[in-house]
Each structure stands twice: as C-alpha cells, then as structure tokens.
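The residues making up each chain are set out below.
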Amino acid sequence: MALRIGVFVCDCGTNIAGFLDVPKVCEYAKTLPDVVYVKENMYTCSNAGIQEIMDAIKKHKLNRVVVAACTPRTHEALFRKACEDAGLNKFLFEFVNIRDQCSWVHQKEREKATEKAKDLVRMGVARARLLEPLKEIKIDVEKKSLVIGGGIAGMTAALSLAEQGFEVYLVEKENRLGGLLNYINQIYPSDANAQQFLEEIVKRVEKKKKIHVLLNSEVESVDGYIGNFNVRIRQKKESKEIKVGTIIVAIGAKPYEPMHMYNYDEYENVITQFELEKILKEKGKIDAESVVFIQCVGGRGERVRYCSRICCMNSIKNARIIKKMMPNANVYIIHKGMQTYGTEYEEYCRKAREEGVRFIRVRDAVPTVTSLEKKDGRIAVGFYHPGLRRKVEIQADLVVLSTPLIQREDAKRISQMLKVPLGQDGFFFEAHVKLRPVDFATDGIYMAGSCRAPASIDECIMQALAAASRAAIPMAKGYVEAEPLMPLIDESKCMGCGVCVEVCPYGAMKIVEKNGKKVAENIPAACKGCGACGASCIHKAIKMHHFADEQIMAQIEEAI
Amino acid sequence: MKGVLVIGGGVAGIQAALDLADRGIHVYLVEKEPSIGGRMALLDKTMSTNDCSICILAPKMNECFSHPNIEVLEYSEVIGVEGKAGNFKVKVKRKAKYVDATKCTGCGDCMEKCPTEIPNEYNSYLDKRKAIFLPFPQAVPRKATIDERYCLKLTKNRCGLCQKICKAEAIDYNQKDKIIELNVASIIVAIGSSLYEPKDLVEYGYGRYANVHTWMEYERLINAAGPTHGHLKCAPDGRRPKKIAFIQCVGSRDVKRCQWCSSVCCMVSIKSAMLANEHYGDLESYIFYSDLRVFSKRFYEYSKRGERDYKITYIHARPGEIKEDKRTKNLIIYYEDENEGKVKELEVEMVILATPIMPAKDVKQLAEILGIETNEYGFIKVKDYVFHPVETTREGIFVAGCCERPKDITESVVQASAAAAKAAEIAGLVEG
Amino acid sequence: MLDKIINESKAYYCVECRKCSSACPVTRVYGKFSPASIVERALIGIDDEILKSLDIWKCLSCGICEEVCPSGVEFLNFIRKTRNLARKENNVGIYAHEGIFESLQKLMLSNEFNASEWLQGLDVGEDDTLYFAGCLPFYDIIFKDIGIKSTNIGISTIKILNSAGIKPAVMQLCCGHDALWNGNVKLFKELAKKNVKEIKEMKIKRIIFSCPECYRTFKFDYPKLDVEMMHISEFLEKEEIEWNGKEDEKTYTYHDSCRLGRHLGIYDEPRNVLKKVGIEVKEMEHNREMALCCGTSAWMCCDWKAEEMRKERLKEASDIADVLITSCPKCQIHFRCTLSHEGHDIEVKDFAEVVAERIK
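Protein chains in written order, with the working numbering: chain A, 8 to 567; chain B, 88 to 519; chain C, 39 to 398.
If we strip away everything but chain A, and leave its shape as in the complex, we get (with noise of 0.2 angstroms):
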C-alpha cells in the first residue's frame, strides 16, 4: 500500500511559534516524499486539534501520522489514542520534539530554530516511512503468590495477600515460623512483648485458609516469568511443584558475629547485642554493675561498609531494660551519632536518657572503643573522647558489642535462581531506590523486609504491606499487557551465546533449544523493549520492534 503520511505541526500558543517560523516548517514538511498531508495547528492537543488528526486520517487516508510538538512525555499517548480512535494502529504515529528540543533550547536563534525544526521533522517522516503496524500482548497472571521466608515481613505479607483473596505459599527453611524475631525479648518503640506478638501472628497465619505454611522447606528452582512462576519447592525429602503469578522474597538477614574483635572470642562478659537479647528474653536477668554497650562494631567501615540502621535503638531498648531492672547500674551507650530518627525513636532515646543511659559519642572512626582490658574480673572500656581530647576508661562488668545485620548466605542462591541483583552490601537490590524500593527491576518480583536492608520490625511490616500492593497489582487485573516493543530473534543467525541473556536487566531472555540448536528466547511478559539484547548480539541476529535498525539509521542518515 502506498505511503500516505500526515504531518501537524503545533505552534503551543506562542512557545513554539514564538521562537521559530511554524508556517515555514509546514511548507517545508510539503515537499517531504510521501507526504500527502500537512496542517498548522494552535494547540494540536487540544478537542479541535484531535478532531483534525482524527479527520484527517479518514478524509485523506493517512496510514503514517507524525505531530511535531512540545514532548512524547506527557502527550504521545493522546496522539497515539487519536490515531486509534480513527482507526490506524497506534504504533504508526510518530512524535517529533520541536519543543523541549527546540524552540525552548533555542528561543533566540529563529532562524537556526527553524532550520532544526525541519531536520527533526525530516528526521521523523523518514522514520514514520518504516514504522509498522504492532499489537500489544496479554498474558494471563497466576492468582497465587510465592513468598520466600516466614519471619515478621513474610508473614506480614502472606498475611495481606491472604487478606486481598489471594493464595499464597509461604516457604519457610525452618521448622517454625518467626525468623529472627524468634530470638528478640521486646519489640521498640513500644516495648511490646516479641514473643506474645508472635505468637498472634504466627496463629494468624495458620488459621488463614489462603496461606500454605511450608515449614522445613526451601525453594529449590524457578522459572518462567511474571503471572506464570513455575516454582519447585523441597521439603525434607520431597519436592512439589507449584505455579504462581508472583514472588514476594523476604529471606532476613543476620547479625554480624565479631570473631576476633574487641576480645569478643577472649573474654566472656564481652557479648554481642544478639546474646544480650536471647539472655534478657530467656532469663530475664543479667549480673552486672556496669554495662557497656559499643556501637558500630563491624559496621560503618569495619567489616561491612554501611550503617545497620537498627544497632542505636536495639542499644537503647536493651540499655534501658537493664536500667529498670536495676536502676543503680550504670549503663553506657558508646556511638558514632545515635541514629534515632523521626518522632517515637528520638523519644525513645531522651526517655533513656531521663532514665539514666548515659550516652558517649566518639568519632566516626574505626574501632568504636581502642582498649578492653580485664582488670580484676571487671573490663576497662578505653576510648578516646573528643570533647574532652583524651582517652578515658570507663570500667564494666559486661560489654555488649552492637553488630550490624548481614546478608544471609543462601542470598547469593536465591538471586541466581530468580536471575535479580544484589547490591554492593549484599542486600537484593531494588528496581529504583526512591520509587520503587520494594520491586526488583523483573516483573512480577518483590521484596521486604532486611533483605532489602537493615530493618526495625515496623519497617519491616510496612515494607511487607507495600510488596503485597505490589504484587497485587498484575494478580488482581489477571493479566499483564506488555508494549510490543520486545526483540524479534532470527533464530537462523542466533548462536545461543547467552550474551542477552546476561545483559537483559530484566531476566526476559532464555536459552531454550529449538529443532537441536540452542537459541535465544524473549519472554514478552518480562520484556521492557529497552533494546540492550539487540545492541549486544554482535551476530545481528535481534531485531528491535518499533525501534529497528533501519527505522533508526533512516533517521540517522536524514540527520546527517
């Protein structure tokens, strides 16, 4: 069919208009091959603009449809409806930024802005001649979620999901519900009972029909993508296979244990925060005059890098225990810059204070304190004081060294099996720090909880009712719709090398073997269309939709 192509050009008011020639762009735009129609509007994305687009189409049979105006940002989905609307595949509209590009870059140079204008507009005719006509995919989503661990964010989401109507398979390696929070005696800043909120919740969770506990279970292999994960699960000596439409992982982390630092392996009144909290939750009790507690040991560029978030109000929690417990103790916080944020936690820590805590802060260096010497049975805690500009001691009966939270070792497993990344610190590493802090950058998987990072157990609840809104999303519509944008694979040329594999950001690129020869597969559902296969495959075999080869060097070759 011949190529009949329709150019708008918008003069948005006066800021395009304003700054460049518009009449001359549309008689220039006349003599461009193929194109049989053009129109100056004033505002094209206004009622009357779209009506002319709509017209248009129809009167003059345009099967091309490019408009030359402010972004694609905000407006290449009202043209792309208007083609629609008229009946032409939306794929074969083309946007072309005499705005953002052009009159607002260059508002006092007319002519050369006008110059530009009618390359740009060269530029997207040429590529409108090669556009094709493109439908969108569906693909029907699993109403099932897998989350993988059962402590307060797996639970916290399995719960939620339950709650949604959603079924949910809660995979836990243990052989009881809990995680970490198994071990804690109070849950800040509220000072609740850990073990009296677990046990509700644990009893939640099992009443909930929607939700199947797998204890002593791990997941063994994933495949498949969002709306359809085909999950392989071990439990004990048997293996079961289920199908879910997305996967929620919060697999916890654990606390740092400080081999070799601060005498921790020498002397045994020195313990970590983790001991602190089992002794005070099983017994109840310590046996201690002086109590010192150190911040930071291992973390903040000791051993791991990052700041554990939680250590300075776990500190406090403890400290202030053992303060009511027995208030002529003395009991010391030494820290780097008490990290209690927002409203309850820096309550928290002025009621220490009132109570008594006596809080030391030392430089952001390494080590926390320089000296623990045992001295007749009691230990002095040396360190140097920057306000007064010396080291002091402090002597203890019992020092409880804070260590970070650590990436727990099957991480590593559980981000090859499910093909998403882990960051620099070891934690899984999300799609977008501020806007999408619990998605991995693949489709259909989320995460929660301090596998993200170090979390307090609100945090770790809020995050778990974020994944489960997440993970809502594609099984409550049922299905996905994906632009059509993903790679063609000519399989006569493919050597199913796995580069695209490795470098598909979004895991929607398989190895599969077809007629005995291995090639390469695109999974549609995962596929953003971002194009990094089809750049990477050095045998060309990768065809982009909608932004192929010879549509982008029309372009290319038009502009130079």
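Hints in this document: simulated from the structure, not taken from any laboratory. Worth double-checking, as some hints may not be accurate.
What the hints assert, rightly or not - Over the 10 angstroms line for every Cβ pair with chain B, so calculated as not near, a few chain C residues:
| # | residue |
| --- | --- |
| 1 | N122 |
| 2 | R125 |
| 3 | K126 |
| 4 | E150 |
| 5 | N152 |
| 6 | K182 |
| 7 | F258 |
| 8 | E272 |
| 9 | I384 |
| 10 | K387 |
| 11 | E395 |
What the hints assert, rightly or not - If the Cβ cut is set under 8 angstroms, some of the chain B residues that face chain C in the computed set are:
| # | residue |
| --- | --- |
| 12 | C336 |
| 13 | D341 |
| 14 | V342 |
| 15 | S377 |
| 16 | A404 |
| 17 | R405 |
| 18 | P406 |
| 19 | G407 |
| 20 | Y422 |
| 21 | E423 |
| 22 | G428 |
| 23 | K429 |
| 24 | V430 |
Unchecked claim - Think about it this way: if two alpha-carbon atoms lie no more than 25 angstroms apart in a straight line, the pair counts; the simulated SDA-like pairs of lysine to any residue are:
| # | chain 1 | residue 1 | chain 2 | residue 2 |
| --- | --- | --- | --- | --- |
| 25 | B | K190 | A | F102 |
| 26 | A | K150 | B | N156 |
| 27 | B | K182 | B | K448 |
| 28 | A | K358 | B | R344 |
| 29 | B | K391 | A | R312 |
| 30 | C | K320 | C | E354 |
| 31 | C | K197 | C | Y305 |
| 32 | A | K343 | A | K398 |
| 33 | A | K381 | C | I84 |
| 34 | B | K391 | A | F436 |
| 35 | C | K48 | A | S297 |
| 36 | B | K431 | A | P393 |
| 37 | A | K215 | B | H475 |
| 38 | A | K37 | A | D107 |
| 39 | A | K358 | C | G83 |
| 40 | B | K147 | A | I57 |
Even glycine gets a Cβ: it sits at the ideal position worked out from N, Cα and C.
For this one, chain A is given, so just place chains B and C on it according to the hints.
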C-alpha cells in the same frame, strides 16, 4: 466496586493512587493545589541517588492524570465525611479556577500578560508569580488557574487582560466553587507536611541576613527552573559563593520547638552540598551536625562520598551564633571546635538552615473532618506504630507520607503502597 | 556524687552538640572553659575533676547556654548546685574585691546593720507597697573611686513611685543572690529567712524591685511569699505615665541584663516604658535573648575575660548610641569600671534614673 479516596497528590498520594488504580480500583485523587506533585515536584535532586526530582516524578504525575481509573480532583478540598469503612460519603469542594480546563491548553500567554505579581510560594517566595498561573512548568494538569485573592478582575472588576489574550477562550470569570459528592470504600490521607520557619532562632539571623536560607529555599535556588535558574548568588553583589555552610537541626530535636528528628535533613544537606560542588568545582561546604543521621540504604556510604569527592567537611557542632559582615554580607559562624577546644569563627558566603518537617498547616482541620486523631507531635496518629503503621484511629482511613511523621521519598512510597494494600483489603471486601 | 544534680538539672538530656559552648561568652574568650565539657565530664562520671576544678566558678550564669540549648538542659541549676557541692570539698572559687561582698552579706545578718541615710528627705512611708532596694547603698561606698552612686537608682525608683501616688515602705538588705550563686547555700538561707521574716511582719501586698537579681531571687529561690512582685518596668508599663517633654540630642540603647532578660523574660516592658517617656531605643547587634553579658556575676572571677566582654559590649553600644541604659546596678558598675580606664564614648545610666528624669 466502590473506589478509594486519596487526599493529597504528592509522591505518597500518587503512589497509593497508582497502586490501587493499576489493580482496577477506581481512585479519586484530591489535591488542594492546582497541580499534583507535592513537595517532591519542587525539589531539585533526590538525595542518595541525585536523580532530578521532577524528572522522575513527572512521568508518574502524567500516568496518574491520564490513568483510566484515576480521577484527579486538583484545586479541591475535602469538606465533609460521613459513613463508615466500606461506605464513606465524602463532600469535596472544587475551587473555582476561573479557567475552563477543557479549553485551556496551558500555553502560558495569559501569564505573560497578567499585570499582577505576587510572591511565589512555589519558589519559596524568592520570586514573583502572576495572579493567573501554573505552579511550576511541569504542572499536571497543565491548566492555568486564577488566584482569586489577587486577580484584578475578580477583586476590583478591572483588567480582564487574560480573557482578551486567551485564544482558546478558556477564561471564565463567572466560574463558581462546586461541591461534589463521592462514595468510597476507604480513604488514604497523604497531605504532606509544612516546614519550620526558623525566624525565632535569632542566633542564626534568618530573615535578617540576606545570605541565610532554609533548605527548601536552597532547593529552588539550585534548581534550573528556580528564580535564579540554578545559579547560587550571594548578596549584595550577586557573586557566586566559594564557601557555604549547612546547619543541621535548626528547630528540630529542640524541646522548645520541634522535639522530633526530621529524619531527612542530614542527607538533604549532604546532597545539597554535593550539588553545589557539582555546579562549581572549587566550592567547599561545611556541614555542622550534632548526630549525622545517615541510616538508610547506602546513606552512610553517600556521606563518605561527599567528604571524599565533593569537598564537604563535617563539623560536629551546633553553632551558637552567626554574625553578618555588614559590608560583604558574608556570614561568620561561631562554633566550638572540639579538636582544639575553643570557639572558632568560620566565614562563609551562604548559610543553609536544615529546618524540620512539621505537620501540615491544615492537618488539625482535616483530622476533625475525617474523625481521626493527631498525635502529641501534631502528625496524624496511627493505630499502633509497629503493628498498624498505616491505619489511623478510624477504621477504613489510612495514612501515608510525611503527614504521619517526617520521612524521605523512599519511605513515603513504601508507606503509600502499604496503605494501598490496606485500602484494597476493604475495597475487596466490599466487592465480595 | 553529681548524679542527683544531673537529674535535677536535666543534664542527662545533653546530646553533646556543644551549642552552649559556642554561645557562651566565657568560652568565646577562654576556650578552656566549656559548659559542654563540664556536662560531658559529669555524664561519664568524672565528678572529681569537676568538683576540684576552678572552671565551675568561671560561669557567669548569664543563661545564654540555656537560651540556645535545644535539649532543655538547665545548666545554671547544674552549675549552682555543683558549686554548693564543691564548696563542701573546700573548692570555694575566686572572689573579686577580696571577698568583701561576702563579708558584707554576713554583716547584714546582724540587726544593728543600718545604711538608710540616703532615704532622708524622701517620701517613703508605711504603704502596703514595699520597694526592695537590696544592696544599693553599699555599692556607693565600695565603688566611690569610679563614681558609682547606686542609691540614685533607689531615689529615682522612689520618685517614680511617688509620682504614681505611692509612698513605699523601703527595705535595704541583701537578698542572698550572690551567696546562692557562690554556692554558699547556708548564707543564702540565712539571708532569705531574715528577709522573709521581716516582710511577713510588714503585712504588705506588693513588692517592687529595681534590681533584677533581687527580683529573680525572690521569685524563684525564696519560699512562696503571698504578695505580688514586679520589676519597676513592669509596674510602669501598666501605669499611665506621661513624658515631661524633656528632650536631648542623645541617642539611647538598652542593655538587657541577664537576670531581667533571660532569667525573667522581661524584654518588652522596659522598652515600652522608655518609648512612653520619649526614648526610641536603638538596638545593639546583640539584644534581648541574645544580649551580651556585662562580664561578671555574683562578684566572682572578675578578670581579663570579664574586661574583654565589657569592651565588646561597650563597643556595640558606643557604635550606635550616646547613652547605654542598664537595668541592673551591677551591670552599671561593671561598665563604668571599664569606662574608667578604657576610652569608649558612652554614658551609662540606669533605667530608673532615665525614667525619673523624664516622667511628668
């Protein structure tokens, strides 16, 4: 199925609305300003990622506005709520914009011609805007609004220039406020916050010294779309600074003012110092802090990077006083240098005060309308800080973002999604 | 040892931000003294160092530390109680003027003590209003060499009261302020007891003060007296007073004394009253809450540091004004002392003196 009402169109409100709409729940998004976007739309860069704030938010704003399941009610306020979880009847006042949104194309001709200039709240009052205006260039919807408090036509029946100039014939001086009624299953409150104005900390001279600014003012000063087009300029001669200082906890962690830690300011200052150095490679920054709060993912590493690569010096001290050199308008900061054990003076050309996030100005009023409680700090109270972090004291009403307590974008987004999950649970029940 | 004081003064709230020290006028000129470091020592239990140190006597109790402290630490309370404790350990501090004032205070406990000559010819009586003049007459004697006439403040105050139709009863006895801040709680209690006893016998309804120290001490440190108490500026603010129209070419500035200002929160009243009598106060760079100190309090540690502070304050004043109005007799003495050997072109006058001259 009944929809959900989201009050507040900042990043938290937008996120909650999108989460719900994407799964097929109808959402009404009520925003009191003429554009959605909230505070994040006015920030220059986001801390820890140094993303252009509006650039990463604008797509979400547009997505929100064009989403088939979201009805954005901008320039509107909730004025009444009745009913209970699963069946709220909400009255919303749509304030008259005196501009027909179906006709307005956002071209800006009217704003050019409007003769009335007023202090621009969207640029922290550092410059002027017109009485007919867009809050900022990337406003969504991109439709003009007439500020009835200042418009000459509306106040004195003079002028009328905008009507004459508007080719789209969108100006309608006779528009009236409209009250509409919505029926929703649940409500999410995400009205954001206000910021402390540090005038009463006389020792820092805010309001008296030309080169002392708050962090929000700085966000606009360093922003290319701001009043100085992103150039830092110092009084009296407009020269660009070579040394600037940031003072943390100005009004926060303060028993006489805001007791709480504002959570974000340490990172905001580090980011701001980085940006300044990115603009001017020889610029040095000094951050005066009492506890540098860099607790979230990759924050601590970020603070170290600032020190290493961006000429930032961290000084552990809250300065006791700032003096102004009357001639140069430079600022002399008095602080106790703990390394030397004496009070030292540091002369800089600009000082940025890290003022805390406070409860929104209208939070009490809205809380009363909604029948929910605020806490001892004036933020919206949650049912339980740990176990029910998004539930307000009234069933079916949830909360997200800085109106609950100070938090950064990440945490606002997390809480927004969490609130969406809870709101969906109720909407789901109504459906069932 | 200091634990109790830490609790009573809320020093435990200290977050070690050191804002107090950078605002402290003493630390500014003498870095070795640092309120933050004193509190930090106490918080890690190095009590001995504090109690044996002369540093604790260097504090002016001017209160700027409390003004700027974000955490609500009551440093003045802390230092006062610590001084009392130190005294018991034989650390008695550094008295100015060879400790003559403590001797005077002790003398005043005896009933024979009398210095009321200055009242002769004044219209005072047995009204239900008492003017508590404090130690004024004694300063005239001790500081004669620098031309001090503190009784002028008293005379002016009485004249002001007369013009409002009040013939006040007058008491002149040390309130105990200095003893209290010197850590001599025993002496303070004796003086307070004597004052309270006498006042109770007088059956008065109202006490007016011209000395901010007396007012502060009565208000905060005395057992509750069932009478109304006010500073002369508070009294005048409520009165309908009129300016006699007397004009001069001079410009005036006002020095907030630490007791009247930061301790008692009285900033507007004196300014408002001065306005009523035709004086437009020009503000110094440091005013109201941030006002600088006259350099010495409770007759302790008057040395080069104090002199530095005074010079700075006098410079601020003389830069903008011809007359520096003070509201505390001690501020006046200290400034005049410096003026007696340093060239600053400024006159120092008390608030009551200025008002008495200009009132109808």
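_Status of E395/C, Cβ more than 10 angstroms from any chain B Cβ_ = About 32 angstroms separates E395/C from the closest Cβ of chain B, which puts it past 10 angstroms; holds.
_For a C-alpha distance cap of 25 angstroms, please report whether K343/A and K398/A respect it._
Distance ~16 angstroms between K343/A and K398/A Cα, so the pair holds.
_For K37/A and D107/A, compute the direct alpha-carbon distance and say whether it is at most 25 angstroms._
holds (23 angstroms)
*Report holds or violated for the interface hint on Y422/B, using the least CB-CB distance to chain C and a cut-off of 8 angstroms.*
holds (5 angstroms)
*Consistency of the no-contact label for I384/C, given chain B and a CB cut of 10 angstroms*: holds (20 angstroms)
_Restraint check for K320/C with E354/C, where alpha carbons must lie at most 25 angstroms apart_ = Holds: K320/C and E354/C sit about 11 angstroms apart, inside 25 angstroms.
*Is it correct that the beta-carbon of K182/C has no partner in chain B closer than or equal to 10 angstroms?*
holds (37 angstroms)
*Interface hint for E423/B, Cβ within 8 angstroms of any Cβ on chain C*: holds (4 angstroms)
*Verify the interface restraint on C336/B: the C-beta must sit less than 8 angstroms from at least one C-beta of chain C.*
holds (7 angstroms)
*Quick one, is the A404/B hint okay against chain C at 8 angstroms, beta carbons?*
Holds, about 5 angstroms.
*asked:* Against the 25 angstroms threshold, does the CA-CA distance of K358/A and R344/B hold or violate the hint?
replied: Judged against 25 angstroms, a Cα distance of about 18 angstroms means the pair holds.
*Status of the R405/B interface restraint (C-beta, 8 angstroms, chain C)*: holds (4 angstroms)
Checked against the numbered hints above, the structure breaks none of them.
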